[in-house]
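Work out the full structure: start from the sequences and follow the hints.
Protein chains: 2
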Amino acid sequence: MHELRSNLTKDKKSKIVLFVLDGVGGIPYPKLTELESAKTPSLDKLVKKSETGAHIPILSGLTPGSGAAHLSLFGYDPLSYNIGRGILEALGLDVHVTDKDLLIRGNFSTAKGNGAKIIITDRRAGRITTETNKRVIKILQSKIKNIDGVGVEFIPGLEHRFVCKLKFKRKLESTESMIVDTDPEEVGVPPLAPKNINKKSLKVSKIITKLISLIRIALKNEKRANYVLLRGFSVFPKIPTIQSLYGLRAASIVTYPMYKGISKLVGMTPLRVKGSSIESQVQTLKEEFDNYDFFYFHIKKTDSFGEDGNFREKIKVIENFDKQLEKVLKLRFDVVCITGDHSTPSKMKSHSWHPVPVIINSKNSFYGTSKRFTEKECIKGMMGLFEGKNLMNFILAHAEMLSKFGA
Amino acid sequence: MHELRSNLTKDKKSKIVLFVLDGVGGIPYPKLTELESAKTPSLDKLVKKSETGAHIPILSGLTPGSGAAHLSLFGYDPLSYNIGRGILEALGLDVHVTDKDLLIRGNFSTAKGNGAKIIITDRRAGRITTETNKRVIKILQSKIKNIDGVGVEFIPGLEHRFVCKLKFKRKLESTESMIVDTDPEEVGVPPLAPKNINKKSLKVSKIITKLISLIRIALKNEKRANYVLLRGFSVFPKIPTIQSLYGLRAASIVTYPMYKGISKLVGMTPLRVKGSSIESQVQTLKEEFDNYDFFYFHIKKTDSFGEDGNFREKIKVIENFDKQLEKVLKLRFDVVCITGDHSTPSKMKSHSWHPVPVIINSKNSFYGTSKRFTEKECIKGMMGLFEGKNLMNFILAHAEMLSKFGA
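Heads up: the sequence lines are chains A and B, in that order.
Just so we're aligned: 80 in numbering that gives the first Met the number 0 is position 81 of the first sequence, and the numbers increase by one with no gaps anywhere.
Just so we're aligned: 165 in numbering that gives the first Met the number 0 is position 166 of the second sequence, and the numbers increase by one with no gaps anywhere.
It cannot be assumed that every hint is accurate.
Note: identical chains are not told apart, hence a pair may lie in one copy or across any two.
Derived DSS-like pairs: lysine-lysine, alpha-carbon spacing no greater than 27 Å straight-line [as the list claims (entries may be wrong)]: (1) Lys194 <-> Lys144; (2) Lys315 <-> Lys362; (3) Lys194 <-> Lys403; (4) Lys263 <-> Lys299; (5) Lys47 <-> Lys375; (6) Lys44 <-> Lys375.
It should be emphasised that the hints constitute simulated quantities derived from the structure, not laboratory data.
Written as structure tokens, this is what we have:
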């Protein structure tokens, strides 16, 4: 699909913006979804002139992680390009990564007991501040620099999050990074062992086991951040860039490390945003409008409030986005696409498999099928229910950037 | 897909029931379908709180056999796991099967003439009674025990149906069982020859030819059951169990041999049903509720009446099911899924390719899209139109048994 679409790409310049409202989709709670409850006059107006549909991020019934869902939106088959959370976090934190590095996403956590009797009491160490995080990282880095000849580097993230980079002396295969996540995803139980999933990952598994023991000792005087949960073990993936595939100069306007990471992975230039509000992101879009063809504009808070089960605040983020939309439309993009990467129903407090509404506004839109940017309205549209990895087909088609297929 | 889903399965326990109303889907006859015509107050109420969709059993436009359609519902790709009718019937009749056996589904039939001039006059020998069947099987077994060193065993089924087991002295490959069915599917014509489809099945083909000749001679004094039509030549397939794939303790509540067979094939425990009514099946469900995680509940008569073109009786089966539904809902399953394996429109008197309505009721359902459990209403739902093999994704997702895919 990927190659096919790339071969059809024409050398036509268009201005495209893709808004991803993270986790925007919902389920009725109790009668209406977040999108159905939100007052969105600008969106309502835009939808009436847009082509609509709903995308299935990965496959029917599969709930995606954010990385996989985003790859899909950018046109990559998420089943072929499975990218670990470790690499995404690292890229988002501007960590320099080579093909000799193994990246791990870490959470500081609180545990009691020792050895085989360790019990996790808080998976996020009470969400310590970023300042505390930086202090604890310094302790770790001063005490752990090398395990069995492999260099160890710790990089602080936001709150309880950090990245650990293992620096090998040779190129790594992706199979070597296949290690079981240690996060048990509940408290009151022991962490999982970082077992190797295949023979090739045995060596790495042993290093990780040692790493965790050393960290436990190094953090013994900490009250909250006295343990770590590790996941997303991953190496640098080979992935063609948006530029090489479609000739698009692509930029990202994001405020969270992981999304910056994934945008860099596909060759986008992350643009500087002054502040973290949607308004400041729109300001960046205005300022950089002339410099790029394709803008990926990511709004995080819809997902965060969905995960917290905060129905009202999720609605407010949607309404806030709606208020900013008028300014964006004045820029006169050739194609405006608005969707989410997946659903995060407030009722479920988690990502879900439910389809995500999509609208595409261009002069080529088949409009008139849907009245609002909601799950139920958009699924009626002419794009129908489709796999997320095909969204880029539609976007490029609306931008008149794809040649005819076949004679 | 299979492996992917299996890898994502979490160790969470849920109570799931999957109702399969065999051949429940229809086409307008003349204005409404069977489901549209039926009075179903309980279903109507349930649908309003359920996620809905419609499944394509195999692929667009392909009409499935029951075995293939069921495999699909249980999450197996029916194009990869092609299981013969012979093996399904044999398992349903509790025949012990090893990898050295070749199974054949047989119908007693009526023929006139001999040799190349045999003409089939009744494909089901006037639907002889099961008692007659047993008597005739005894005659066959007394006269035919061995062909070219291959053991021959006959097992009576219901009415005109039987199973023939050929016992080889070595393990068989599935290619060896690829033989043309002899049923011409019409009367007044000769049977088809049991030709080999490839070189590897030549030997078996010769044995079958001899078998048919010997049967014709053995039954020469029978008036009705004086001939046989053979089909579904098959060997024991390798198929992973539901338990091994998803950690579900699965049971089947079925009243027909073939469906018992297919449920055993995927590792379900067939439960004893006292009688053959839906009511007695529900009684079994109640009694065994605590002992299993997943119940496959099969209702046969919707299909039988559809095949007979009996629109009114098919409606009655649906209405009868509706009456039993309240009792089931009192059991408080985490997930209730109701669908069919395929459509059997009374107007067509046969299986068809038309999509089959699906509802899934759980606390995670996106409801509010469909008003009734009918073809037209369900297809509007948030599961959309999807391939049957993905149904299990949705069921496991609703049961919160699948982890996120990707980072």
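Practice prompt. Quick one: which hint numbers does this structure break? Sort them smallest to largest.
Written response: Hints that this structure does not satisfy do not exist here, as all of them hold.
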